Amino acid sequence: MPLTDADNSVMDSIINRYPRSRSAIMPLLHFAQSKDGYVTPESIEVIAKKLNLETAEVSAVATFYTQYKRKPVGEYHVGVCTNTLCAVMGGDAIFEALKDHLGIENDEVTADGKVSVEHIECNAACDYAPVVMANWEFYDNQTVQSAKDLVDAMRQGNPPAPTRGPNKLPTWKENSAVLAGLNDGRAHEGVQAGEPTLLGLRIAKDQGAK
Amino acid sequence: MTKLTPVLSASWDQPDSFTIEGYKRNGGYRAVEKALSMAPDEVIQIVKDSGLRGRGGAGFPTGMKWGFIPQGDNKEHYFVVNADESEPGTCKDMPMLMANPHVLVEGIIIGSYAIRANHAFIYIRGEVTHIIRRVQQAIEDAYKAGYLGKNILGKGFDLELVLHVGAGAYICGEETALLDSLEGFRGQPRLRPPFPAIAGLYARPTVVNNVESVASVPSIINNGVEWFGSMGTEKSKGFTLYSLSGHVKNPGQFEAPLGVTLRELIALAGGMRNGNKLKFWTPGGSSTPLFTDAHLDTPLDYEGVAAAGSMLGTKALQIFDETVCVVRAVLRWTEFYKHESCGKCTPCREGTWWLVQILKDLESGKGEAADLDKLLDLCDNIAGRSFCALADGAASPIISSLKYFRQEYLDHLNNGGCPFDPAKSTLFALEESGAR
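So the sequence lines, in the order shown, correspond to chains E and V.
Take 218 as the starting number for the first sequence in my numbering and just add one per residue.
Take 492 as the starting number for the second sequence in my numbering and just add one per residue.
For the record, the hints were derived by calculation from the structure and aren't laboratory data.
These numbers were taken from a predicted model, which means no experiment stands behind them.
Mixed in with the good hints there might be a few duds.
Facing chain V, a subset of chain E residues (Cβ under 10 Å, in silico) [claimed, not checked]: (1) R234; (2) T301; (3) T360; (4) P377; (5) R381.
Positions of the beta carbon are idealized from the N, C-alpha and C atoms, including for glycine.
Whole structure, please, built from the sequences with the hints as guidance.
Structure below.
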């Protein structure tokens with residue numbers, strides 16, 4: 218479903234958040250991905266027209282940021298953290314195993330269009346290493362086996378819920394809309410914190426009880 | 492035993508800690524009523540007097556930053572929060588915003604009031620969808636409750652707060668790159684001066700603060716400067732979040748007074764996993780020079796870490812035990828800096844590329860001993876020669892690892908490759924053997 222003039226009211230509401238319209242480029246690109254799954258040349262033209270910019274100016278932004286995709290990703294886009302801490306804790310092994318298991322390379326999609334994989338940089342969850350993200354939701358403390366099980370379930374259309382996230386894993390397009398700042402009403406779902414987040418607090422409470 | 496000081500984390504064990512009801516039940520939004528009853532300059536003075544320093548890495552005094560904003564200049568002022576948390580190892584702001592986004596919103600209202608800004612932004616990294624949901628919802632609920640929008644709490648102060656979601660660029664954690672990104676450009680750092688306090692967002696006076704710094708403000712307004720100063724050290728006052736990750740038995744977040752040591756924190760984390768020996772660690776993310784077991788008793792405050800040759804940074808304590816190859820670790824970090832270099836400055840763009848080539852050769856045993864000096868020479872030509880500190884960060888793990896582990900680099904050459912078994916470092920290798 219390409220970005221069209223029918224999406225004008227949403228795009229206007231995004232632009233109206235900002236004192237200057239150009240600031241809306243990034244949320245508009247996220248919004249475009251919520252429609253097409255990636256940033257198409259057509260949506261670049263729509264955004265440029267909307268913001269009174271040259272298409273080259275919008276393209277320049279779209280190509281700078283790695284979350285904007287220039288070709289389709291899977292319905293479930295899986296990111297494996299292979300920055301040093303996660304890599305050492307097992308991220309390297311998980312990433313190699315997933316590529317092998319799915320028969321695809323980095324930044325590729327399975328033939329059924331269900332799953333794509335990408336090695337990602339530190340995702341601010343190092344106390345849950347090794348970390349796997351799916352459509353930018355957290356799957357904490359993964360193993361080679363749990364990651365394989367996760368992508369198998371995705372291909373069957375029934376992935377488990379994220380460790381710290383909504384009750385059901387949204388699709389790539391659904392989550393792209395959230396990144397565009399459109400509230401999907403699911404903020405109340407899921408835990409408020411995982412155990413590593415609470416470790417210091419629990420110890421402090423034990424200290425206080427003594 | 493080390494006394495922990497949960498302030499920011501105090502309510503995180505309550506299942507609804509992230510809701511406005513949960514936040515208010517725990518005393519939330521009282522500080523904003525108090526602050527909006529004071530003169531803005533009075534609020535700035537309290538934050539100055541508290542000694543609160545930036546929790547995002549640089550450690551610049553927060554109140555002083557607020558005081559730099561010119562007043563009576565008839566220009567719009569902007570308050571921007573840096574929630575782009577991406578420094579490798581850093582994992583404090585994201586769990587805080589998942590568990591309690593309202594404390595940040597309250598801090599933003601107070602800060603914006605103090606610097607006379609009527610527009611504020613949270614720039615959050617894009618790869619954390621559920622945290623983005625929570626922050627978005629918190630903002631909407633704060634509007635509904637009258638803490639944002641027009642005439643807040645009937646005090647005549649207006650504030651619009653916008654959540655701006657990034658799209659996967661480490662460099663946007665650098666404050667001027669963040670501002671360019673927020674203006675709708677590629678996130679590339681600006682030459683300073685002028686500093687953001689004079690010409691920031693849309694060339695207007697702008698404060699850019701880290702999440703944890705801003706979130707610390709409501710508690711200071713509520714409890715006072717003396718309370719805050721009763722924790723920490725003389726020049727590094729207050730509490731902060733220390734994030735332990737890697738080869739400790741129980742990784743996690745520990746909110747403690749500034750100045751605790753890694754020895755104390757590792758004890759709280761249940762010791763090293765499997766009784767292994769600590770080999771190297773980062774005090775504040777991968778851009779801060781590595782430490783070893785010789786630094787277990789270094790006070791983790793701004794001065795203590797600097798005196799020992801590194802930086803407190805984000806207090807991201809990544810712990811690596813004796814199973815880890817330091818060359819592999821440093822190569823991976825260097826690949827990260829190469830990937831994330833924005834390309835604006837030649838020394839960083841080209842230099843990080845060459846660093847990766849040399850380190851790859853060294854790790855696979857194909858390099859030569861002279862490469863070690865070549866690495867240092869390259870670092871010397873990269874660090875301090877670009878617009879921002881990304882290149883300095885890239886040089887840090889290389890220079891510090893060569894300082895402490897030069898022989899391990901040479902072992903790779905003598906061995907014709909890496910002498911370590913990566914499987915021994917993994918989380919699941921230990922779980923499978925039942926040792927964790």
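Evaluated hints:
no.: 1; hint: R234; in the structure: holds (5 Å)
no.: 2; hint: T301; in the structure: holds (4 Å)
no.: 3; hint: T360; in the structure: holds (4 Å)
no.: 4; hint: P377; in the structure: violated (15 Å)
no.: 5; hint: R381; in the structure: holds (6 Å)
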